[in-house]
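Line by line, the protein sequences are chains A and B. Our numbering puts the first sequence at residues 1 to 93. Our numbering puts the second sequence at residues 101 to 193.
A hint or two may mislead.
[Said to hold, decoys possible] Each computed DSS-like pair below joins lysine-lysine, with the alpha-carbon atoms no more than 25 Å apart:
(1) A/K3 - B/K150
(2) A/K3 - B/K103
(3) A/K3 - B/K179
(4) A/K11 - A/K50
(5) A/K3 - A/K41
(6) B/K179 - B/K150
(7) A/K11 - B/K150
(8) A/K77 - A/K41
(9) B/K179 - B/K111
(10) B/K177 - B/K150
(11) B/K103 - A/K79
(12) B/K177 - B/K111
(13) A/K50 - B/K103
(14) B/K111 - A/K11
(15) A/K79 - A/K41
(16) B/K177 - B/K103
(17) A/K3 - B/K111
Hint data in this document are derived by calculation from the structure and do not stem from the laboratory.
Protein chains: 2
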Amino acid sequence: MLKVNEYFDGKVMSIALQTETLPATVGVMEPGDYEFGTSQKEVMTIVSGKMDALLPGSEEWQTFTNGESFEIEANVKFKVRLSGQTAYFCTYE
Amino acid sequence: MLKVNEYFDGKVMSIALQTETLPATVGVMEPGDYEFGTSQKEVMTIVSGKMDALLPGSEEWQTFTNGESFEIEANVKFKVRLSGQTAYFCTYE
Chain A
1 MLKVNEYFDG KVMSIALQTE TLPATVGVME PGDYEFGTSQ KEVMTIVSGK MDALLPGSEE
61 WQTFTNGESF EIEANVKFKV RLSGQTAYFC TYE
Chain B
101 MLKVNEYFDG KVMSIALQTE TLPATVGVME PGDYEFGTSQ KEVMTIVSGK MDALLPGSEE
161 WQTFTNGESF EIEANVKFKV RLSGQTAYFC TYE
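Model the full assembly from the supplied sequences, consistent with the hints where possible.
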C-alpha cells in the first residue's frame, strides 16, 4: 500500500515512492502560501503549474514552472506561494 | 481538500488537480501489471521511473521513461507494466 502524506489540513498532499536512487514524493498543492522545513536536502521539480519560492538566503521570490527545479539544503525553512493547483515531484537526499 | 484516488487495492494511487487547461492526476504505481480503461482521451507522462505500455492497436510493448509521454484515445483499454515504483502525470481531455 502506497503512503499518502497530508499537510496544511489537506491543502498539500503527496504520495511517497522510491526512485532508482532516492526516496521521493509526488504531490499536489492547493493555491496558497506555505512554509516548509527540510530535514534532508530536497530537489523540488514542478510537474504542472507554477510555484513562487522564497529560498533560504534569498530576499527575492523566484518563479518556477513546468519542468523547472530548485534545491533546498537540509534543516532550513523555505516558503512557497501558488496561485493555482500545482503538481510537484520532490526527491530527498 | 484534495481528492485521492485508489485503484488495484492501493497499488495505484493518484491525487486529482486542475491544470490551467485540463483536469489531471499525479500518481504512483507499484511494480506490477495493470489494465486501464479510458473514458476520455488521456496523455500520460512519466515523472519518475519506467513504464512499459501496450497501447491500443499495437502488438508491441513500448517503454517510456522520465519526461516521455504517450496518448490514449477515449473508450479503449491499455496495459502497463512496471518493474519499480513509478510516478506519472496524466491529463484528461
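Checklist entry - Taken at face value, is the distance from the CA of B/K103 to the CA of A/K3 at most 25 Å? => result Roughly 15 Å between the alpha carbons, so the hint for A/K3 and B/K103 holds.
Item to check | Hinted pair A/K3 and B/K111, Cα distance within 25 Å | outcome: Holds. A/K3 to B/K111 sits at ~10 Å (cutoff 25 Å).
Item to check | Hint consistency between A/K77 and A/K41 [alpha-carbon to alpha-carbon, up to 25 Å] | outcome: Holds - the C-alpha atoms of A/K41 and A/K77 are around 11 Å apart, at most 25 Å.
Checklist entry - Is the straight-line distance between the alpha-carbon of A/K3 and that of A/K41 25 Å or less? => result 21 Å, holds
Checklist entry - Quick one, are A/K50 and B/K103 close enough, alpha carbons at most 25 Å? => result Between A/K50 and B/K103 the Cα gap is close to 20 Å, so the pair holds against 25 Å.
Item to check | Agreement of B/K103 and A/K79 with the hint, judged by alpha carbon distance not exceeding 25 Å | outcome: Roughly 24 Å separates the two Cα atoms, so the pair holds.
Checklist entry - Taking 25 Å as the top limit, are the C-alpha atoms of B/K179 and B/K111 close enough? => result 15 Å, holds
Checklist entry - Keeping to a limit of 25 Å between CA atoms, is the pair of A/K3 and B/K150 held or broken? => result Within the cut-off at roughly 20 Å; holds.
Item to check | Proposed proximity, B/K150 with A/K11 (alpha carbon, max 25 Å) | outcome: 29 Å, violated
Item to check | Holds or violated: B/K179 to B/K150, with C-alpha atoms at most 25 Å apart | outcome: 14 Å, holds
Checklist entry - Is the straight-line distance between the alpha-carbon of B/K177 and that of B/K103 25 Å or less? => result 24 Å, holds
Next on the checklist: Checking one constraint from the list: CA of B/K177 to CA of B/K150, max 25 Å. Satisfied?
Outcome noted: Roughly 20 Å between the alpha carbons, so the hint for B/K177 and B/K150 holds.
Consistency with the previously given hints fails for number 7 only.
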